[in-house]
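Protein chains: 2
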Amino acid sequence: MKQIEYMNFRVMWLLRCSIAFVICLLLSSFTNLVYAESPLLTQKQRHVIDTFTTYNGATLKQVQVGWESYGQLNADKSNVILITHYFTGNSHAAGKYHPDNTNTGYWDSIIGPGKAIDTNQYFVISVDSLANLSVYDPNVITTGPATINPDTGMAYGLTFPVVTMRDFVNVQKSVLESLGIQQLHAVVGASMGSMQAIEWASAYPKWVNNIISIIGSVHSDAWTTTALEQWAIPIKLDPLWQQGNYTKDSRPMAGLTASLMFITQIALHPEYINQVGAELSHFALEDKPLNNILSDHAITAWLHDRAASRAAMMDPNHLLYLVRACQLFLTGHGQSLTEGLMNIDANVLFIPANNDLLLMPYHARDAYTQLRKLNAEKSSSHRIQYATLNGPLGHLNGILGINQHAQTISQFLARKD
Amino acid sequence: MKQIEYMNFRVMWLLRCSIAFVICLLLSSFTNLVYAESPLLTQKQRHVIDTFTTYNGATLKQVQVGWESYGQLNADKSNVILITHYFTGNSHAAGKYHPDNTNTGYWDSIIGPGKAIDTNQYFVISVDSLANLSVYDPNVITTGPATINPDTGMAYGLTFPVVTMRDFVNVQKSVLESLGIQQLHAVVGASMGSMQAIEWASAYPKWVNNIISIIGSVHSDAWTTTALEQWAIPIKLDPLWQQGNYTKDSRPMAGLTASLMFITQIALHPEYINQVGAELSHFALEDKPLNNILSDHAITAWLHDRAASRAAMMDPNHLLYLVRACQLFLTGHGQSLTEGLMNIDANVLFIPANNDLLLMPYHARDAYTQLRKLNAEKSSSHRIQYATLNGPLGHLNGILGINQHAQTISQFLARKD
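For the protein sequence lines, the chains are F and B, in the order given.
Numbering of the first sequence is given in the working numbering, commencing with residue 1 and proceeding in unit increments.
Numbering of the second sequence is given in the working numbering, commencing with residue 1 and proceeding in unit increments.
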């Protein structure tokens, strides 16, 4: 049994949001121009699954996740595009919760009325992952190690089962089914989101017509598995971690902050960090680190402070579970990658970043080559396409530089073959 | 006042070494062929500096370092090549201590009789760095945080002053001067060793005729400074670190092991780690990490075990000091890189690895371009050359794959202009 509830906090704020949204909709019936100039508004909704069985066979009661949508579901529910989010992200993919918000969802440059993923045409939906990193973000609803286990009244901690991309997909499927949806025009995801997109197409091929894998991977190869481990290690070393048994107020924040420093660094590229360094005068010897082994260089302090401020809304155990979900990723969750890719019956567009240091472009290139070969073998007419992102941001070109492929994306989504 | 002493431990073993060495030398007087077939033998020697002033102005008493050499110093002491070692290395650059040793020095493929750095022609010498990582390797002699401070009778810990590449160079200069040497045909170093090579040429331009910078850098840019910080962080997070106050038996080994895992990963390349992964069947879902958040993937365990075994001979505080020395690196230690490079009055050969992820090839390429420009401006006739290493090992191609440029190196060293 599943049920959908509106978030019951910030009621007045949501009311204002809703009024603004309705006004927007009314105006938009006269002209699309108004749509383009007004902010796209959305609201977080809550989906509850009474009993959820994880891929590894564990049972979770009262799984709750947040979701949000942009655009209108059409009559035959055939215009759905699912957006699957990245490691540090959540379902806030586009728009604002309130016209006064400073920030928009992460892919606002390509999702909205008249944009690459056109909300005048598509019903775009996104769902918070299980074990979402930003547990303490009031706009995130998730279930993970920090959640109270209804059986014990205590946080799950490490008793929470290991979850996989298939579990994320199954939670999304439950949200979609609760809306009567049974097919997806497309699944579009960046990074960890790309893993969910490809897993959707492999696990539920009849559902999925198109996949867009941005800065993505179809499996965590050995290199990626050990690289991801680097994000888990500082948390486990922090004496406050206590094998996962900590409270919100005694979280291992030093370990979590270190982990976020590592994530930010590898998700960027020297070109960008060196631009920041130049602003901090990182071209002369610095006195403090020269004279005190415990003093940081200015660029290290910059990276640390950025990570520490982001860590405030996050949970360290959740990070460990997301690392594991990524490490375990293998399209189809079977005995081989070929087996998983063979199941796919969709058009696929790969968009890696040329200077990505986290999921290097060989991931997309190899998957592209392998999928084309498999399609040829089974005489499939599906399109397998490839395009490359440029820019100084490395992996993050897939989030912040995605607009350079707005046309590639809109054309891929529009083709009927 | 300086003095040289023979290591006073393992006396019998050294005696056997020395006898073997003498026999080798005698044989070599008849034919070079015998040299090429017999192992190159060497022995660690000890150099003591009674009072050493660090670059940042601190005073250290009784600084001791190890050094070793290969080949013979000629009459006018003009045939000296100094080898400066990398982060996890020491002065054992070539040869064996005893014919029965399984391993040779790290660059044995290019240092030896008839090899690229020909010990029939050159007197090749290398010196253990200050704060050398492998304090508990019986073949390393170093002074650093783990050393007993003669003033207190306690280990220095974090009271040891921050040291820089200039300090490493000054210690080497002291060793050379104790042998009556006042000029260097070449300084050749990989990675952190390349920093010392270029620092030599900038700080003491009259000494240095040729520089070979392998997988190197002429400064720690902002990216490199934060990347290096990743190696320090796990040690500082380990509860056993205690702000550097620990004993040999209570070292923060978990943090040190994590740091070495990070170093190994970034010093390699996906191509190699994925080869190892294939041997470990890293292409199917693994049951243990799927079912237990605390279980590692086989590839993670491989990387961990490799690091843990190396950590046994190392000191965590020393690692922090080496990280800092690298982070602070700026050729010439002045106010700008241009100022430091301008001082150089030597031929320079850069040999980066094409797929280096630690000191990416842009380091060598940019330095090459800048040095050529500066040389043109001052009408210098010095040669500035560039060659690239290939292979699956990333940064480590500079150590394990160096032999592919044996001829480039020997020709560079042989030219008289």
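In case anyone wonders, no lab produced these hints; they're calculated from the structure.
Treat each hint with caution, since some may be false.
What the hints assert, rightly or not - Below, computed lysine-lysine pairings styled on DSBU-like, alpha-carbon distance capped at 30 Å:
(1) B:Lys378 to B:Lys236
(2) B:Lys206 to B:Lys378
(3) F:Lys248 to B:Lys288
(4) B:Lys288 to F:Lys61
(5) F:Lys96 to F:Lys248
(6) F:Lys288 to F:Lys77
(7) F:Lys288 to F:Lys206
(8) F:Lys77 to F:Lys248
(9) B:Lys236 to B:Lys248
(10) B:Lys77 to B:Lys96
(11) F:Lys288 to B:Lys378
(12) F:Lys236 to B:Lys96
(13) B:Lys61 to F:Lys236
(14) F:Lys288 to B:Lys173
(15) B:Lys96 to B:Lys378
(16) F:Lys248 to F:Lys236
(17) F:Lys236 to F:Lys77
(18) B:Lys373 to B:Lys236
(19) F:Lys248 to F:Lys61
(20) B:Lys77 to B:Lys416
(21) F:Lys173 to F:Lys416
(22) F:Lys416 to F:Lys206
(23) F:Lys248 to B:Lys236
(24) F:Lys173 to F:Lys61
(25) B:Lys61 to B:Lys288
(26) B:Lys77 to B:Lys206
(27) B:Lys378 to B:Lys416
(28) F:Lys236 to B:Lys77
(29) B:Lys96 to F:Lys288
(30) F:Lys173 to B:Lys288
(31) F:Lys378 to F:Lys206
(32) F:Lys378 to F:Lys173
(33) B:Lys236 to F:Lys288
Output the numbers, in ascending order, of every earlier hint that fails for this structure.
Those not satisfied are hints 1, 6, 7, 8, 11, 12, 13, 15, 17, 18, 25, 28, 29.
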